[in-house]
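So you can see what is in the structure, the chains are spelled out below.
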Amino acid sequence: MSDFALQVHNISKSFHLARRKRDSLREYLAHPLTKTEYNTLHALKEISFDVKAGEFLGIIGKNGSGKSTLLRILAGIYEPDQGSILRHGKISPFLELGVGFNPELTGRENVYLSGSILGLRRKQINQIYNHIVSFAQVERFMDQPLKNFSSGMTVRLAFSLAIHSVADILLLDEVLAVGDQEFQNKCFDVFQNFKRDGKTIILVSHSLDVMKDFCDRVIWIDQGKIVAQGSPAEMITRYQA
Amino acid sequence: MYFFVTLTLIPVPSLIQNIKTQAHFLGSDFNWEIIWQMSKTDLKLRYNGSVLGFLWSLLKPLSLFVVLNTVFTYLFKSATPYYSLQLFVGLAMWNFFVEGTASGISSLVARAGLLTKQPVPKWAVILSSSLTGFMSFFFQLIILAIFFVIQGVTPSISALLLFLLLIFLEYTLIIGIDLILSPLYVRLRDVVQIWEVALIAGFYLVPVIYPLSLIPLGMQKAIMVNPLARLIEISKQSLIFGVFPDISYLLTTVSAVVGVFVLALLVSFRLSRKLTERL
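Heads up: the protein sequence lines correspond to chains R and A, in order.
Under my numbering, residue 507 is the last one in the first sequence; the count climbs by one each step, no gaps.
Under my numbering, residue 299 is the last one in the second sequence; the count climbs by one each step, no gaps.
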């Protein structure tokens with residue numbers, strides 16, 4: 267077993283943004299000879315870092331600094347232009363809660379659909395179904411269409427499903443921002459438990475408080491590059507400066 | 021021939037790289053249930069809120085059949101026996117093709133929200149949407165069986181086994197087309213419109229409403245280049261009349277479908293690179 271959960275080596279990623287949007291045939295026919303012009307956006311430039319197994323790593327940075335792109339590459343959603351990622355363990359990306367949720371399906375159907383998307387087998391869901399529902403406190407509504415759920419109930423169900431489907435490495439993107447104070451506290455308890463269980467967590471957030479309370483180490487990204495990394499206290503002071 | 025020409029266009033290293041990046045989805049880790057769950061959802065949602073619900077997937081092809089049968093029986097009845105039965109077999113297979121490609125082509129765009137949030141393999145999304153078309157085809161087959169009984173035609177066991185193979189080949193063909201056109205649709209949003217027009221023309225290029233024997237021999241040959249036309253014609257002949265194709269004819273049909281599929285796979289790898297970023 268490796269000491270590392272993730273080894274990221276020299277990752278770069280750029281996006282080609284067309285100056286004129288050309289995704290219809292009319293556009294191609296109207297300007298057959300002009301090549302599409304692109305603005306290249308270097309979202310990530312030669313990013314390298316390691317994450318130890320069991321570490322709680324925070325990634326901080328301004329809007330558009332490349333945090334979310336990095337998270338998507340770690341999750342395997344985007345393909346990097348160059349560089350490599352070694353993943354020692356199964357990854358659970360949570361870039362959004364309730365991925366695959368459909369308002370027309372019942373709560374129960376949504377748990378099975380979204381659960382399979384999050385990598386759970388039917389048998390596994392059968393086993394933990396009652397836990398998921400009771401944690402979300404929506405027992406009475408599970409056979410109703412999701413559109414009849416209040417938004418709070420939907421978020422609770424999505425969150426409950428998410429934390430019950432966690433593998434070895436968690437990728438979290440600002441999902442903490444949802445819910446009322448009470449629910450947020452509940453979430454933080456869950457994260458503390460994950461940390462105790464030795465799960466590896468990578469959290470992207472704007473919230474300095476969250477970084478301070480949870481993270482073992484913080485990486486500060488700006489304009490696609492790692493500016494600095496170190497203890498939360500140190501990074502926060504520099505980040506705020 | 022065209023298969024080998026296209027092969028040389030594809031840089032082998034990038035192909036290997038693509039197979040590698042796709043490969044980890046095929047490991048023991050991959051949750052196959054996701055395909056079934058997604059297609060079940062598609063099926064549930066398609067007729068959600070309509071009174072007759074899933075029956076519509078039967079009523080639509082049936083009413084098309086009734087209309088075509090009423091109109092064309094007068095034209096073709098004297099030329100060929102069991103015209104209605106032939107029409108039904110051909111129409112069921114044609115509908116399968118139309119539904120499988122229509123839902124397959126738009127599948128990646130329709131599931132953009134999922135693909136940009138979770139590392140779900142694209143082929144799983146394509147496969148699940150074509151599976152939805154297969155399910156409604158399956159129900160049409162039940163009606164087809166009843167129709168055979170009413171008409172007093174009993175297909176032989178070997179004809180039924182051959183039909184299973186032909187259905188499998190048609191499904192392979194559908195997935196092949198979806199594999200090419202669905203990533204293309206992400207890049208070029210005209211693809212769906214073009215495909216719809218192509219299908220309107222295509223309906224007359226397969227022997228569904230007319231018996232093949234009625235058209236000139238030269239034209240018959242041209243029409244039978246199309247693997248789908250072959251699948252439909254072989255099905256009609258073997259199920260209804262007990263007439264089987266030569267082995268060599270069957271083999272070229274199989275290899276045409278397999279060729280299209282392999283070609284589609286290769287093209288799809290190329291088209292699917294960095295596709296999620298465009299969704």
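Hint data in this document are derived by calculation from the structure and do not stem from the laboratory.
All values reported here derive from a predicted model rather than from experimental measurement.
Hints are not guaranteed to be accurate.
Reference listing, derived: stretches of chain A covered by chain R, where coverage requires no fewer than 3 residues with Cβ under 8 Å from a Cβ of chain R [said to hold, decoys possible]:
| no. | region |
| --- | --- |
| 1 | 63–75 |
| 2 | 133–143 |
| 3 | 190–198 |
| 4 | 206–213 |
Just so you know, even glycine gets a beta-carbon here, dropped at the ideal spot from N, CA and C.
Evaluation of the provided hints:
no.	hint	in the structure
1	63–75	holds (count 4)
2	133–143	holds (count 8)
3	190–198	violated (count 0)
4	206–213	holds (count 4)
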